[in-house]
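For what it's worth, my numbering labels the leading residue of the sequence shown as 1, then goes sequentially.
To be clear, the hints were calculated from the coordinates, so they are not data collected in a lab. Every residue, glycine too, gets a C-beta built ideally from N, C-alpha and C. Please note that a few of the clues may not be correct.
As the list claims (entries may be wrong) - Restraint-style ranges between C-beta atoms, simulated for each label pair:
| id | residue 1 | residue 2 | range |
| --- | --- | --- | --- |
| 1 | Ser-62 | Pro-98 | 25 to 31 Å |
| 2 | Ser-2 | Ile-103 | 36 to 42 Å |
| 3 | Val-113 | Ala-86 | 22 to 28 Å |
| 4 | Asp-129 | Pro-102 | 23 to 29 Å |
| 5 | Trp-60 | Leu-109 | 21 to 27 Å |
| 6 | Asp-17 | Glu-110 | 32 to 38 Å |
| 7 | Glu-58 | Asp-100 | 24 to 30 Å |
| 8 | Lys-46 | Ala-132 | 31 to 37 Å |
| 9 | Thr-54 | Leu-83 | 22 to 28 Å |
| 10 | Asp-129 | Val-18 | 35 to 41 Å |
| 11 | Pro-114 | Asp-47 | 47 to 53 Å |
| 12 | Leu-109 | Asp-47 | 28 to 34 Å |
| 13 | Met-29 | Ala-138 | 34 to 40 Å |
Stated by the list, open to error - Taking lysine-lysine pairs in the DSS-like style, the calculated list, with each CA pair at most 25 Å apart, reads:
| id | residue 1 | residue 2 |
| --- | --- | --- |
| 14 | Lys-46 | Lys-32 |
| 15 | Lys-66 | Lys-32 |
| 16 | Lys-112 | Lys-32 |
| 17 | Lys-112 | Lys-139 |
| 18 | Lys-112 | Lys-66 |
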Amino acid sequence: MSHTGGCQCGRVRYEMDVLEYSHVCHCRMCQKATGGFFAALVGAPKDRIRWTATPPEEFWSSNLAKRAFCSACGTPMGFTYDLPEARQYVTIGTLDHPEDAPITHQFGLESKVPFVEFCESVPGERTGDTAAVGEFLAKMVSRQT
């Protein structure tokens, strides 16, 4: 089965035929790279992922890890280690169907933000459930592809 994904603006697109090790990483590097409390990632062997549009830009976040991102819209696309056997990881949120990659593991628990739980115990609401949010969103025109 083919899995596709890309950035917000559509400049960076990819296709992969396998999803392996779907996890969240709580390490500080992943927190900073995504601007969130954790990174949700899924991997594939490097030869099983193909960039189908403009390849992402890369930033060496350590001596071994390269972070991929779209230089046009800033979407964090994932990372890889500079090792021959390393997987390429993509951020699960960039998949066209992120539901295809359910989280199976957590990594970097030593840096986990204490109030982050998976997530059933936290009350929530759907986007637009409140009138004010619904009115605001009705005016919004998404530029995401």
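Query raised in the report: Any hints this thing doesn't respect? Which numbers, in order?
Result: Hints 2, 8, 11 and 17 contradicted; others consistent.
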